[in-house]
Structure formats: C-alpha cells, structure tokens
Amino acid sequence: MALKPYQKLLVYASWAAVLLFFLTPIVWFWALALRPQATAFAMPPVFWFRPQLDAFYYTFVDPGINAPQLRNSILVSTGATLLNLPFALAAAYALARFPLRGKRFFLLWYLSLLMAPPVVYLIPYFILMSRLHLTGSYLSMVLILQTLTIPMSIWLLKSFIDEVPVELEEAAAVDGAGWFVRLTQITLPLTLPGIVVTSMFAFVFSWNNVVFPLVLSNQATMTLPVGTMNYFATAGITWNYIAATSVMAMLPPMAIFLLLGRYIVRGLTFGAVKG
Amino acid sequence: MKTDKLSILLLVAVALAALAGCALPTAPAASSGAEAGAGSAPVEVKIWHMEQPPHRVERIQQLIDEFNAANPGIVVSQEPQNWGEIYTKAPAAVAAGNAPELLFAIPDFTPILNRLGKVQPMEEFVAEMDALYSFYPSAVEPYTYDDHTWAVPLYNMAHSMWYRKSVFAEAGITPPTTWDELLVAVEALTQEGQYGIGLPANKQLYTDQVVYDFMVNAGADEIYNEDGTLRFNNPQTVEAYDFYRQLYQFSPPDSPNWTWGEAEACFANRTCAIIPQFTVITTYDTQAEGDPEDLGVMAIPHSSNVDASGTIAYSNAVMLLTEDPAKQAAAQEFLRFLLTPGNYGRFLNMEPGLFLPVTEAGSQDESFWNDPLAVKYQSQLETMVENAKNGRLFGFTNGNTFPSIAAISAQNLVAQTAQLVVIDGLSAADAVAEGQRLMEEALAE
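For the protein sequence lines, the chains are A and B, in the order given. Be aware that the first sequence starts at 1, since it is given in the working numbering, and climbs by one per residue. Be aware that the second sequence starts at 1001, since it is given in the working numbering, and climbs by one per residue.
A few of these clues could be false.
[Stated by the list, open to error] Here are the simulated SDA-like cross-link-like pairs (lysine to any residue), alpha carbons at most 20 Å apart as the crow flies:
#1 A:Lys103 to A:Val120
#2 B:Lys1118 to B:Phe1402
#3 B:Lys1165 to A:Ala42
#4 B:Lys1165 to B:Ile1064
#5 B:Lys1165 to B:Thr1286
#6 B:Lys1203 to B:Lys1376
#7 B:Lys1118 to B:Ser1166
#8 B:Lys1165 to B:Leu1183
#9 B:Lys1203 to A:Phe232
#10 B:Lys1165 to B:Glu1293
#11 B:Lys1376 to B:Thr1088
#12 B:Lys1376 to A:Ala38
#13 B:Lys1203 to B:Tyr1087
#14 B:Lys1118 to A:Ser130
#15 A:Lys103 to A:Leu113
#16 B:Lys1118 to A:Ile123
#17 B:Lys1327 to B:Leu1183
#18 B:Lys1118 to A:Ile127
#19 B:Lys1118 to A:Arg131
#20 B:Lys1389 to B:Ala1407
#21 B:Lys1118 to B:Pro1325
No wet-lab data here; the hints were simulated from the structure.
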C-alpha cells in the first residue's frame, strides 16, 4: 500500500520530531563540550563557533583526571558482564528446561529485585562490603552490580531459551547427550544472538550505574559517571568538563550498540515468527 | 560425560577469571606510602571531605603530600565524598567500624554523627588554635553545644548579592541596601532579555539558603526559642516570605528548579541582573567578561525593620571520629599544619574566591591574597569577608543551637515553604504556618 505524498510528509515530519526530541540534548552536550568556554552561556546562544578539544584534552589527556575513571568504568562493566553471564545462563536454562518447584516464585522474585530502586540496598551493601574490607575495590562494585544484572539477564535469557524448540534437546537426549552437552552444543549456539543482546544490556546497565560506585568506589577506582558528578559544586561549575566527560561516557554504549546492532535486531526478533 | 566435566571446569574457570580480573589492587593512591620501616608502622589518618571537584582534590593532595613528607610517622590520605550520600554513608561507615579519622562537616551534619557517639570533643584543640590564630566567634558557635565544641572550623562560605556595575549604571540605580530599594531596583532592571533577579523556589538546598538570606534580613534568623521550641511561624518570617514572593515576579520562569550552577550561568550570560550566591568569581572570570572593575558584590539588602544586613554563612569544619590516642594526635597535627598561615591560604584557595578564612590570621595570610584570582578580584573578596562576618545559619544562632535542626534541614523545609508561596500560591502567612507544622512533624519523627 503506497503512501500518498502528504502522508509520507507526515511520517517524515513525525520521525524528524521524534529525532529532534531525543537528539537535541545529546547534540547540545556535544556542542557544550566542543565550544569555547566563554560562549557556553552566551545569550543569545552562539550556534556557530570554532570547535575545540580543550575540555577533552584537560579531562582525558593533560592532566587527564578522568582517564583512569574511563578505564575503571570499562573494568567494572566488563567484569560485571562476564561474571553475570555464567550464573544467569545457568539459572535461565534451569528455569526454562527443568520442572522446578516454585519456578514462578523465583521469576517474580528476580523481577522484584529490578523493581526496587537500587538506592534502597545501598547502605546494607556498603556495610556488608565494609565488613568484608572490600569497599573501594573493583570487586565490590562488580559483585553488587550482579543484583541488577543477574535478574535482568535471567529474564532475557530465559525468554530466548524458551524459543529454542525443546524437541531438539530431546533428540539429543535420545542420542545420549547429558544436560550440559545439550546446553552447550545445542541451546547456546542457537541463542547466541540473545546472549549477545543480554550481555550488551548487562554492560550498559553496569556502565550507567552511578549509585553503587558512588558509595563503593574510592579515588583510585572511581568510575566515569561518578567522576563526572564531581564537577558539580556550589560555585565555579565547569560545564564544559561535565559535557566532555558525559560525552565520553556516552561513547562506549553507543559504540557497542552500533557495532553489534545486527545482533540486537536478531535478538529482539528472536522467535517472533513461530513455525 | 568427559566433555560435560570439561565444560563445567571451563565455566568455573571463566567465572573465577572474571572475579580475579576484577579484584585488582585498589589501594588509594595517597596511602601508597603506608609501609614504613620494619616494626614502626606510621599512624594512618583518613580524611573524608566533600570537596570533590578535581582541582580542589588536587590542592588538598598537595598539602597532604607536603605534610606526609614533613611527618614520616604519619600518613594522611583523602577520600572525596558526595554531599548527596554522606548523610547516610557516614553513619553506615561508623556502624561498620570503617569511619575515617577526620570528616568534614557543616553545622547541621555534625549532630547526626554526634548521636552515634563517635565525634570527639575538640574544645581544647580549638582553644589552642584560637590562641594562635583567633577564630571568628561566628565560625565556632554552630559547633558549640552540650558543653563541648564538636568540630574545628576550617573555612567559611557566605552569600552575597552579585551584579554588574555597568548594568546598574545603565538603569540609573545604585546598589540597594534596603528591601524597598531592592524591589525598585529589580523592577527597573527587568527589561527586554534581562530579569531583575534570579531566585530559586524548589525543595532543595540552594532555595533553603537564599530564603534564609531574606529571613535573616527580616530579623527572622532564629528558628528556635531559647527553650528549644520552634518559632518559625512569626511575623518576621512571614514578612520575609512575602517579600520573596514579590521579588520572585522578576525572576526567570525556569528559576524554581535552579541550583547554584544555573544561577551562575544566568548571571554569566547577563540574563539575570542580580543573583544571591556564595561567589561568581570563577565563572565570571572564565565564562563571562572577567572584568574586575565591573563585577559588583554587595551585602544582601535588609528590611526596614532591621538595622543591618546579614547573610547565610556556612562555617565548614572537620570532626574527629577516632578514639585511638595516636590517631587523634596525628589528626590534630595535620589540622595544626592546615591552619598555619602559609598553608591555610593555599588550602582556602582550593577554590579561589569561594572559601573564606575563619581566623583573623587567615584573613591576613599572604598565601590567601597572593592567588592570581584573589589579586584580580581583591575588592570583591574583601567585601565577601566583610559580609561573612554577619553570617547566620538556621538552627545555629545566638547560642540557641539545637541539634534537632538536622531533621529540618535534611528535608529542606525552609525551601518547601518557599515553594508553597511561590509555586502553589499560598499566602505567606498560610505557608509559614504550614512550614512550622511540617517542621514539628519532622522533629516528632
């Protein structure tokens, strides 16, 4: 069904409006990071300026205060994603394939962990990590982030595993394959797009989390979002540094989604058409 | 079956590798020198402060490094914290037995820690420093109650009104000293593309501070009676809130949600002719004209019922949280070092033009006045120091210091009352009555 010209125009205009709505803050932040500091709040706004990288240079090169924080964010998010996968995968497989008692309860419990705001758990976790002498370590952040990533991953992975026909595994079982072989040789390869998507979400969840690193990190292990917050103060706020660090904090998740976009499409449409 | 076992081993290995990879050495940089000669471990002193901007952290680290080099038996380290979290994190750290030895504070934070029984009395140390450098009494007063002084004042922050002399001259007005003059001025200054004044009105700390500026200047600086009962609901407070409502008509429409940064930005881009702020010097110097001849600063105008201008002032201090005598001595040694002229000015200039001295000696410290920004904006700084001398803080005035103020300030109830007037349209009298009710409720909790 071909659209009439005015309908096409309407569709494009709607897309443009939505794009504008979502992109304006990002573009504004990019501009704030790139514009000369003196034009940051000029009124009327200065739209044309010679872009400069001073704010990026200051924050990430010399003195490069935020460069270690970028590394810390990568370490913590990667660690949280890697640790999350084996546990979430095993739990999701069990919940999808085995007749467990209280399965529904477990799934709802995982969901409830995601529903409560993370700040609720903050102080108990801080006390726990203090008692274990782990505050300020990467490990403390990686461990506590599991409270967010594992429940989310279990739900996602279970839905992907559910889509793999159980008959394939039953056939393998007839041939003598144990559950682990069935999981690794049949289910895992078939759910690979789902695993990639789940890992991406786990990474982004961990990357964007500020609350846990805020209380569990120290100066040496501080993550980039926390480092960005440090530029806020009661006076002399350096908005261009805030913008530069925020832009850098946006880049890895954006890059991941751009590079692995095809997996997202495959993952999210996985099983959408059933035979 | 063999494959199964191998695969399980592989999975376990992946999990362990992930864990191991995350457990990299993470000791704070500043404590790297903790190991001393065999048998004589240095005394470690950990400082938590809320001066997180990197340049402030860097300046504090410079001073710490100098101190550590000069005192081989002591290792001081810093851990910047966030004001948003410290009210819950610090008590949790005390509960977990992991509290720092020194913790920076503002007056209404001290009672929270004090309740946990960890804060050490500091009156003897304060007296020692007072004899050497003469503390301004208003800096010590908010920390003195229950027969003790609970923290050592380190620096002061006080609001002033900031404006451009050229903008005033163009509008044909002189700096107002009374509310009547201020109202005329902001009306005259509200022109095409410019608002007379920038005022916040949301339930957050900046609003608390600005509203209290006007309460002080209406003679409503006391929130408590001498017996500890609330006296928020009084004619002076109502007058302050009513004047705030009148002024607010000349403030930008988005200003209710502002915190300090937005107010500074509004001033920097000339949208606001006047703003109440601790300082605008750094922002004005880097993001606006940077002309010291044109930057004006004045005391906050007062009601005709009050004789002189006052302002909100935060005497920032440091609490000692350790009962270990060796750590106490080491921490006090560091504080002696910090308050010594020469070091003290550099400490204050971790944020030039914001932090003001709390001692007479500090006010004359060359290292304070030698900073390039202090040289450039010397007259503004002198006015700020002068304004700060008339500083007050709600709940900590005239010896009527009641630790329960922490419950009121933690919930920003002074700001919430302003919100009732400005946003919800209640009359000042009704809003103040509601404000007192909310405060009584908070205290009852």
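Cross-check of the supplied hints:
This hinted pair does not check out: Lys103 of chain A and Val120 of chain A have alpha carbons roughly 26 Å apart, beyond 20 Å. The hinted pair formed by Lys1118 of chain B and Phe1402 of chain B meets the criterion: a straight-line CA distance of about 18 Å does not exceed 20 Å. Distance restraint check for Lys1165 of chain B and Ala42 of chain A: the Cα-Cα separation of roughly 19 Å lies within the 20 Å cut-off, and the hinted pair is therefore satisfied. Pair hint Lys1165 of chain B plus Ile1064 of chain B does not hold up; C-alpha atoms about 40 Å apart against a cutoff of 20 Å.
This hinted pair checks out: Lys1165 of chain B and Thr1286 of chain B have alpha carbons roughly 18 Å apart, not beyond 20 Å. As the CA atoms of Lys1203 of chain B and Lys1376 of chain B are separated by approximately 36 Å, the hinted pair breaks the 20 Å bound. Of the supplied pair hints, the one linking Lys1118 of chain B and Ser1166 of chain B is violated, its CA atoms being roughly 52 Å apart against a limit of 20 Å. For the suggested pair Lys1165 of chain B and Leu1183 of chain B, the alpha carbons sit about 17 Å apart, so the restraint of at most 20 Å is met.
Straight-line distance between C-alpha atoms of Lys1203 of chain B and Phe232 of chain A comes to about 18 Å, which keeps the hinted pair within the 20 Å bound. A threshold of 20 Å between alpha carbons decides the hint, and for Lys1165 of chain B with Glu1293 of chain B the separation of about 8 Å falls inside it, so the pair holds. For the hint pairing Lys1376 of chain B with Thr1088 of chain B, the CA-to-CA distance comes to about 40 Å; that exceeds 20 Å, so the pair is violated. With a C-alpha separation of about 18 Å, the suggested pairing of Lys1376 of chain B with Ala38 of chain A holds against the 20 Å cut-off.
Proposed proximity of Lys1203 of chain B and Tyr1087 of chain B is supported: the alpha carbons are some 17 Å apart, at most 20 Å. For the hint pairing Lys1118 of chain B with Ser130 of chain A, the CA-to-CA distance comes to about 17 Å; that is within 20 Å, so the pair holds. The hinted pair formed by Lys103 of chain A and Leu113 of chain A meets the criterion: a straight-line CA distance of about 16 Å does not exceed 20 Å. The straight-line distance between the Cα atoms of Lys1118 of chain B and Ile123 of chain A is roughly 19 Å, inside the 20 Å bound, and the hint therefore holds.
For the hint linking Lys1327 of chain B to Leu1183 of chain B, the alpha-carbon distance of about 54 Å lies beyond 20 Å, and the restraint is violated. In summary, the hint linking Lys1118 of chain B to Ile127 of chain A is supported, as the alpha carbons are separated by about 17 Å, within the 20 Å threshold. With a CA separation close to 18 Å, the supplied pair Lys1118 of chain B and Arg131 of chain A stays within the 20 Å bound. This hinted pair does not check out: Lys1389 of chain B and Ala1407 of chain B have alpha carbons roughly 26 Å apart, beyond 20 Å.
A hinted pair counts as satisfied when its Cα atoms are at most 20 Å apart, and Lys1118 of chain B with Pro1325 of chain B qualifies at roughly 14 Å.
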